[in-house]
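Participant: For reference, the chains in residue letters:
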Amino acid sequence: MINNFKVNSNEIDKFKKISKQEKEFRIKNLNLFNKNGFPNNKSEDWKFSDLRDIVSKNFKKLDVQIINSKSKNTTLIKNFDHNFLVLINGNLSSSNFDFEEKNKIKIKNFYNDNFSDINKYNPLIHLNHALSDTGYSLEIADNYKFKKTLVIYNIFTKELNENILNSRNKIQIGKNSELHTIDLVVNESKNKFMNNVYENVILKENAIYKNICIQNEKSDGFFHKFSKNTLSSKSKYSSFIFPSGLKFNKLDLEFNLEGEGSECNLQAASLLNKNDHQEIKTRINHLVPNCKSYQIVKNVLNTESKGVYQGKIFVKDIAQKTDAYQLSKALLLNDNSEFNSKPELEIYADDVKCSHGSTSGSIDETSIYYLMSRGLNREESVRLLVSGFLNEIIEMIKSNSIKKFVQKKIEEQIHGN
Amino acid sequence: MLEIKNLKASINSRDIIKGLDITIKPGELHAIMGPNGSGKSTLANVLSGKNGYHISGVIQYKGKNLIEIPVDERAQKGIFLAFQYPTEIPGVNTNNFLKTSLNKVRKSKGEKELDTLTFLKIVKEKSAELGIDEKILSRQLNVGFSGGEKKKNEILQMKILDPSFMILDETDSGLDIDALKTIANGVNSSRDKKKSFLVITHYQRLLNYIKPDFVHVLSDGKIVKSGGMELAVELEKTGYKKIK
Ligand SMILES: Nc1ncnc2c1ncn2[C@@H]1O[C@H](COP(=O)(O)OP(=O)(O)OP(=O)(O)O)[C@@H](O)[C@H]1O
Ligand SMILES: [Mg+2]
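These protein sequences, in sequence, are chains A and B.
Counted from 1, the first sequence has number 365 at position 365 by the numbering used here; the numbering is strictly sequential.
Counted from 1, the second sequence has number 211 at position 211 by the numbering used here; the numbering is strictly sequential.
Just chain A, with the same shape it has in the complex (with noise of 0.2 Å):
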C-alpha cells in the first residue's frame, strides 16, 4: 500500500516544449505537493475526508502516466438532440457544435497560460498544476445563445488501473451568452484509479451557465474535482449534481461573485452506498452588493456510507444587500452510516439575508406505514420514500426531457442496477 506518495520531479521533464514559465510553474506545484503529500486529516479541509489514510489502504502503486486510449464509437443519448464533447479519460477525444454557429465558440485541446495564480490551500490543486496535460477548453463569444444542450461525455476506460489522471478544463462565456451543459460519466473502467480536476468557469456579463452533472455509474474510481467559478455583473449560474457511485469523491467549489447582480445556484441530489464516500465543500464568496446564492444539498445514505458537506458563505464589508441561503439534508438508512455538515457564515456587510439549516434523520415511520398499508412492501415503500427525497431537487429541473432523463437515472441507481 502507498504509505508516502511524492511525485519524481523528472515527471515535469517529460513535458516537451514547454515555456520556462510553464516549467517553472509546473516545478513550484510539484514542490508544493510533494511537501506533505496527500492530504491527511489534520488539515481543516480534509477533516471528514482524510484522502491520505484513503490512498494508502486503496492503492499500491498511483501512475502518473497519461493514458492515450483510443476512442471507440461513443454511446450518444438517444432521442434528444445535442452538441457534444467526448472526453476519454480526461482528453478530449472529439467535439460536435452541428447545432451551432461555429464561428461563435472556441473548442481546444488543454491549455494553460495562467501561471500566476498559486494555490495556497488544496494539494490535489498543485498536484493538478505540476501534472496535468489533458482536458479542455470551450469559449463562448458575446451575444451568443446556444440552441441545443452541450452534453460532456467523461469516458474512463478498461485500461485504467492505478492511475492519477489529472486534467484541466475551462469554460468561458461571454457577455449576454447562454449555455447549457450536461456533464455525464460513462465508466468502463474495472479497477482503482484516481481522477483530479481542476475546473475554471467564467461568466462574462449577464451570462447564463446552467450545468446538469450526472456520476451515478458504480466505479471503483476516486474523484477529486475543484472548480473555481467567476461570475461578472447579473450572470447567473445554476448547478444540479447528482453525485454518486463513487468509492471516493470529493467536491470543491468555489464562486466568486464579482459582480453586481450577479446569481449562483447549486442543486445537489445523492444516493450513497456500501463503503462510498462522498464531500460537496463549497465557498461562496459574495464580493460585491446585490447578489445571490442558494445552495440546498441533500443526501440519502445506505449501509457504511459516509457523506460530508461544508458549506461556507463568505460576505464582504461592501457586499450589501446580499441574499445568501444554504440548506442541508441527509436521510440516514442505516445506523452504521455517517453524516457531517459544517456550515460556515463569514459576514462582514451588515445589510444582508443570510440563513443556513441542516437536518439529518432516519426514515420517518409513519411514512413506511401509510405506504404499507397500500399494499407495498417495506422495500419499495423505502425506495418510495428515498426517490421522493431526491426527487424534490429533480423537480427544480426546469426542462422536462431533462427532469425525465434524469430521473431515470436515479431510479435505476434506487433499484441497484
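Heads up, a few of these hints could be off.
Said to hold, decoys possible - Which chain B residues face chain A? A few, computed with CB under 8 Å, are given here:
#	residue
1	Ser48
2	Lys50
3	Val71
4	Asp72
5	Ala75
6	Gln76
7	Leu81
8	Thr87
9	Phe97
10	Thr100
11	Ser101
12	Lys109
13	Gln157
14	Gly228
15	Met229
Quick caveat, the hints were computed from the structure, so don't treat them as lab data.
All C-beta atoms, glycine included, are put in the ideal place defined by N, C-alpha and C.
With chain A held as given, fit chain B with the ligands onto it using these hints.
Facilitator: Okay, now just chain B with the ligands, sitting in the frame of chain A:
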C-alpha cells in the same frame, strides 16, 4: 368477514383496547362512535396491522387469523384503512404511488399488472364518479392538500384499490356538505353483499347518508353499547355521559 374476540391492545405499557368483541358479516356496515381518546383510531390501526402494539385476542378475517400478518399483506388481502390523518409524503407523485399500490394488490390476487394508460383510465373514471378533481393526483402525495382533499384522496384510493373490508377513521370530520356527500357516495357505491365497512365517526350526519346496520359505542377501550341508527340519534342528543 371479520370476527374480533376479546381483543386487547397496549402500547408503551398503556392499555388502550381492553377486551373488545365485534362480528361483522359480509355486506354489513358497522359504525363506531365514542369519545375522544376512547381507542377508535387504535382499533383501526390494529386492524390494519400497524407495528408497535402489544396485542392479544383474536382477529379472524375471512376465516384466517390476522394477528401475525404484516400491514402490506393485509392490504393485499383487501383490508383498507382511510386514515384520520393521512401522511404527507414529499417528492412522491400521487399517481405513481397509486399505480404501484394497485399493481401490488392486483398481483397478489393473481391479476395482471396494469400499464400506465389503463391505470390512468381507471383513475379518471373513479375520480369522475366521485366528483374529485384528478389534478390533485399529479401532485406530491397529500403534500399541501387541504383537509378535505386529503380525505377525498383516501376515498379515491379506496375506490381504486377495491378492497373488501374498509375502515374509515373519521373521514367525515372537517368536511363541507358537498365533500361529505362525495364521501358518502364513495361508500354507498362500494357497498355490495360481499363487502363490509367499519366507519368511525363523531357525527350522525354521515350516518344519515350511509345507513349503518349497526352502531357501537366505544368507551375506554370497550364496546359499551350496540344498537341501530337510533343509537346514533340518541347520542347526538344526549352525548356519551348517560351511556357509561
Ligand atoms: N403510541 C402511544 N403511546 C401512548 N399512548 C397512546 C399512543 N397512541 C395512542 N395513545 C393513547 O391512547 C388513547 C386512544 O387513542 P386513539 O387515537 O385510539 O383515540 P380515538 O378514540 O381515536 O380519539 P379521537 O376521537 O380523538 O380521534 C389516547 O388516550 C391516546 O393518547
Ligand atoms: Mg382517532
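Participant: Look at each hint and say if it fits the structure.
Facilitator: Consistency of the hints with the structure:
no.	hint	verdict
1	Ser48	holds, 5 Å
2	Lys50	holds, 6 Å
3	Val71	holds, 4 Å
4	Asp72	holds, 4 Å
5	Ala75	holds, 4 Å
6	Gln76	holds, 5 Å
7	Leu81	holds, 6 Å
8	Thr87	holds, 4 Å
9	Phe97	holds, 7 Å
10	Thr100	holds, 6 Å
11	Ser101	holds, 4 Å
12	Lys109	violated, 10 Å
13	Gln157	holds, 7 Å
14	Gly228	violated, 30 Å
15	Met229	violated, 29 Å
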